[in-house]
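Participant: Protein chains in written order, with my numbering: chain A, 1 to 314; chain B, 315 to 612.
Treat the hints as calculated values from the structure; they're not laboratory data. Hints are supplied without guarantee of correctness; some may be wrong.
Here are the simulated lysine to any residue pairs, SDA-like style, with alpha carbons at most 20 Å apart [as the list claims (entries may be wrong)]:
{"no.": "1", "chain 1": "B", "residue 1": "Lys547", "chain 2": "B", "residue 2": "Asp531"}
{"no.": "2", "chain 1": "A", "residue 1": "Lys257", "chain 2": "A", "residue 2": "Leu107"}
{"no.": "3", "chain 1": "B", "residue 1": "Lys415", "chain 2": "A", "residue 2": "Ser127"}
{"no.": "4", "chain 1": "A", "residue 1": "Lys214", "chain 2": "B", "residue 2": "Ser454"}
{"no.": "5", "chain 1": "A", "residue 1": "Lys214", "chain 2": "B", "residue 2": "Lys492"}
{"no.": "6", "chain 1": "B", "residue 1": "Lys482", "chain 2": "B", "residue 2": "Glu539"}
{"no.": "7", "chain 1": "B", "residue 1": "Lys546", "chain 2": "B", "residue 2": "Leu536"}
{"no.": "8", "chain 1": "A", "residue 1": "Lys214", "chain 2": "B", "residue 2": "Lys482"}
{"no.": "9", "chain 1": "B", "residue 1": "Lys546", "chain 2": "B", "residue 2": "Trp486"}
{"no.": "10", "chain 1": "A", "residue 1": "Lys214", "chain 2": "B", "residue 2": "Asp457"}
{"no.": "11", "chain 1": "A", "residue 1": "Lys214", "chain 2": "B", "residue 2": "Leu410"}
{"no.": "12", "chain 1": "A", "residue 1": "Lys214", "chain 2": "B", "residue 2": "Ser464"}
{"no.": "13", "chain 1": "B", "residue 1": "Lys601", "chain 2": "B", "residue 2": "Met558"}
{"no.": "14", "chain 1": "B", "residue 1": "Lys447", "chain 2": "A", "residue 2": "Asp200"}
{"no.": "15", "chain 1": "B", "residue 1": "Lys415", "chain 2": "A", "residue 2": "Asp200"}
{"no.": "16", "chain 1": "B", "residue 1": "Lys469", "chain 2": "A", "residue 2": "Gly215"}
{"no.": "17", "chain 1": "B", "residue 1": "Lys447", "chain 2": "A", "residue 2": "Ile84"}
{"no.": "18", "chain 1": "B", "residue 1": "Lys469", "chain 2": "A", "residue 2": "Thr208"}
{"no.": "19", "chain 1": "B", "residue 1": "Lys447", "chain 2": "A", "residue 2": "Ala193"}
{"no.": "20", "chain 1": "B", "residue 1": "Lys601", "chain 2": "B", "residue 2": "Pro590"}
Example chain B residues on the side facing chain A (calculated, C-beta under 10 Å, incomplete) [claimed, not checked]:
{"no.": "21", "residue": "Met407"}
{"no.": "22", "residue": "Pro412"}
{"no.": "23", "residue": "Pro434"}
{"no.": "24", "residue": "Val435"}
{"no.": "25", "residue": "Asn449"}
{"no.": "26", "residue": "Phe451"}
{"no.": "27", "residue": "Gly462"}
{"no.": "28", "residue": "Ser464"}
{"no.": "29", "residue": "Val465"}
Here the structure is a predicted model, which is why all the values come from computation and not from measurement. Built from N, CA and C at the ideal position, the CB exists for glycine as well.
If you want the building blocks of each chain, they are given just below.
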Amino acid sequence: MTQGSVDPGTKRVAIATSGARAATLAALQSSSQRDKVVHTVFISMMLFALGLALLGLASLIVYMAVEGGPRLEWGLLTGVPSTISPETAGFRTAILGTLYVVGGVVLLIVPLGVGAAIYMEEYADNSRWWNRLIELNIQNLAGVPSIVFGILGLAFIVRGPLSLGFVAASGSLTLALLVLPTVILAAREAIRAVPSSITDGSLALGATLWQTIKGQVLPSAIPGILTGIILAVARAIGEAAPLLLVGAVTFVTFNPKFFADGYSTLPVMIFQYANRPQDEFRILAAAGVIVMLILVLLMNSLAVWLRDRFERRW
Amino acid sequence: MRDVSIVEPETGTKAESAASTNSIPDVRVSARAADRQPLTRNVVIDVRGLSVLYGDFLAVHDVTLPIYEQQITALIGPSGCGKSTVLRCFNRMNDLIPSAKVRGVIEYHGVDLYGDKVDPVEVRRRIGMVFQKPNPFPKSIYDNIAFGPSVLGFKGNMDDLVEESLRKAALWDEVKDKLDESGMAISGGQQQRLCIARAVATSPDVVLMDEPCSALDPISTLKIEELMLELKKEYSIIIVTHNMQQAARVSDKTAFFNVQVGEEGQRTGHLVEFSPTEELFTSPKQKDTEDYITGRFG
Numbered sequence: 001m002t003q004g005s006v007d008p009g010t011k012r013v014a015i016a017t018s019g020a021r022a023a024t025l026a027a028l029q030s031s032s033q034r035d036k037v038v039h040t041v042f043i044s045m046m047l048f049a050l051g052l053a054l055l056g057l058a059s060l061i062v063y064m065a066v067e068g069g070p071r072l073e074w075g076l077l078t079g080v081p082s083t084i085s086p087e088t089a090g091f092r093t094a095i096l097g098t099l100y101v102v103g104g105v106v107l108l109i110v111p112l113g114v115g116a117a118i119y120m121e122e123y124a125d126n127s128r129w130w131n132r133l134i135e136l137n138i139q140n141l142a143g144v145p146s147i148v149f150g151i152l153g154l155a156f157i158v159r160g161p162l163s164l165g166f167v168a169a170s171g172s173l174t175l176a177l178l179v180l181p182t183v184i185l186a187a188r189e190a191i192r193a194v195p196s197s198i199t200d201g202s203l204a205l206g207a208t209l210w211q212t213i214k215g216q217v218l219p220s221a222i223p224g225i226l227t228g229i230i231l232a233v234a235r236a237i238g239e240a241a242p243l244l245l246v247g248a249v250t251f252v253t254f255n256p257k258f259f260a261d262g263y264s265t266l267p268v269m270i271f272q273y274a275n276r277p278q279d280e281f282r283i284l285a286a287a288g289v290i291v292m293l294i295l296v297l298l299m300n301s302l303a304v305w306l307r308d309r310f311e312r313r314w
Numbered sequence: 315m316r317d318v319s320i321v322e323p324e325t326g327t328k329a330e331s332a333a334s335t336n337s338i339p340d341v342r343v344s345a346r347a348a349d350r351q352p353l354t355r356n357v358v359i360d361v362r363g364l365s366v367l368y369g370d371f372l373a374v375h376d377v378t379l380p381i382y383e384q385q386i387t388a389l390i391g392p393s394g395c396g397k398s399t400v401l402r403c404f405n406r407m408n409d410l411i412p413s414a415k416v417r418g419v420i421e422y423h424g425v426d427l428y429g430d431k432v433d434p435v436e437v438r439r440r441i442g443m444v445f446q447k448p449n450p451f452p453k454s455i456y457d458n459i460a461f462g463p464s465v466l467g468f469k470g471n472m473d474d475l476v477e478e479s480l481r482k483a484a485l486w487d488e489v490k491d492k493l494d495e496s497g498m499a500i501s502g503g504q505q506q507r508l509c510i511a512r513a514v515a516t517s518p519d520v521v522l523m524d525e526p527c528s529a530l531d532p533i534s535t536l537k538i539e540e541l542m543l544e545l546k547k548e549y550s551i552i553i554v555t556h557n558m559q560q561a562a563r564v565s566d567k568t569a570f571f572n573v574q575v576g577e578e579g580q581r582t583g584h585l586v587e588f589s590p591t592e593e594l595f596t597s598p599k600q601k602d603t604e605d606y607i608t609g610r611f612g
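Please work from the sequences and hints to get the whole structure.
Facilitator: In structure tokens:
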């Protein structure tokens, strides 16, 4: 702005404008300064929390890898457990036992859990007190300690009314009862998340409620339901305490059958090996942990792949 | 007292007339050049004394009106006057609301829709519905149309049926190359036409439309109004609309509903006037109607 021939009015306007700009800039800047600091602190705190969690997981994996890594070989998968010769001992029967038990759990929780969720969401009349009671109790069951289910299994499944004995099926049933509330809760959330405009549209076409559930609600809810099943399976694989009560014997040298003989599972076997004083057994236990982690990873990957396949990209 | 004016009624023939007793006398109207409709027309839905309560709340009280075949009947009125409630009674969608109670008689071709032996699923197969906000299924366009017929047991050529339905909804040319794409990936106006195609794919008798254009832009609205005029050759259409000009443009008969405020302040809807559209908009018989259509309230 040239000064010489400009009249005082314009000069005053210019000063006022630049003053206003400076004030605005200062106002904007100062708050963004403070915001930046808060922002940085918050992000650092969150990263720290994340780091701690990852550190825990990483240290577990690293420790196991270092301890048990050298022991990893195919013999672990095919060998039979032994307390006498750790060099040739393997986890075959335990792996099979885990697969049988968890397989049984999945076979039970999918129809029961999804069926219960469908009933509670679509068919049950929530004004009735018994339906509300059932709902409350299922939510409570999700928090019951797993050993309690072990006792339940011993009393009613192994002995008592079902009297299946100490077999893999008993383990499946016990664990299924344990993880069922998780599946029901997750499935209910998934079914509830399907917008009512979709179900209204389907019913208005003349579809029955079941046709609507089968054709519209379930396909949309499958990703959520599968998430619930993944969580349930992850919990079931790692449970040792309740299984100990229903007959997961720590030493099984024969291949398990579902409704007969004994069985064992990986967590139980690892526990057994880890208790032994000899170093070789503890290394074996570490190797077993790696095997188990791989098994869990494989099962979860399968479930996530399944969920992806059903996930609509609409 | 309310004066429900009904002009040009003609009850159904043969068995239907035996069941539906219409106590309003027959009045013949000479055919006007602009109104090229047959003088005799069947009543497809006959409503008598319909009242709907949601729990203790009386939403709409004592509605009596006939819906004629292959015509567009518009239900207009201010908010809260019960138009959508009445519409939902026709395909028993109010059954889905636990607290809803329906009193009175609704006869469909002479059969009481709320009779003991009547299955609501069967009712909805014959009386379809298009909703206010387009609600395509999260499936492909093809599957959106095919879902209804397939659950109803359609055994013929599904490809032909899908094409025919999309043509009837004036959507075929726009989507014929992307039938496998998501029904939700098209524009709002196209989605609504998809919902209309879906509704006609099951070959209904009556199509109910609950403010079908209120969520759409003017161009889509125009297309759908043209569509309605085409569709009425095959189906009977009942449309609820907030848009009086739309009612004036497309409908043959118009029913004007209004709200009555009770002693405790509860708002109950009732039918004020039911006439051929031209008559209702040019020479309404009730003062309330005149006030509404001239914009004094609404």
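Participant: Look at each hint and say if it fits the structure.
Facilitator: Structure-based check of each hint:
no., hint, in the structure
1, B:Lys547 / B:Asp531, "25 Å, violated"
2, A:Lys257 / A:Leu107, "16 Å, holds"
3, B:Lys415 / A:Ser127, "16 Å, holds"
4, A:Lys214 / B:Ser454, "17 Å, holds"
5, A:Lys214 / B:Lys492, "25 Å, violated"
6, B:Lys482 / B:Glu539, "13 Å, holds"
7, B:Lys546 / B:Leu536, "16 Å, holds"
8, A:Lys214 / B:Lys482, "28 Å, violated"
9, B:Lys546 / B:Trp486, "19 Å, holds"
10, A:Lys214 / B:Asp457, "14 Å, holds"
11, A:Lys214 / B:Leu410, "18 Å, holds"
12, A:Lys214 / B:Ser464, "13 Å, holds"
13, B:Lys601 / B:Met558, "16 Å, holds"
14, B:Lys447 / A:Asp200, "12 Å, holds"
15, B:Lys415 / A:Asp200, "19 Å, holds"
16, B:Lys469 / A:Gly215, "18 Å, holds"
17, B:Lys447 / A:Ile84, "73 Å, violated"
18, B:Lys469 / A:Thr208, "18 Å, holds"
19, B:Lys447 / A:Ala193, "18 Å, holds"
20, B:Lys601 / B:Pro590, "17 Å, holds"
21, Met407, "6 Å, holds"
22, Pro412, "7 Å, holds"
23, Pro434, "9 Å, holds"
24, Val435, "5 Å, holds"
25, Asn449, "4 Å, holds"
26, Phe451, "6 Å, holds"
27, Gly462, "4 Å, holds"
28, Ser464, "8 Å, holds"
29, Val465, "4 Å, holds"
Going through the hint list in order, the structure does not satisfy hints 1, 5, 8 and 17.
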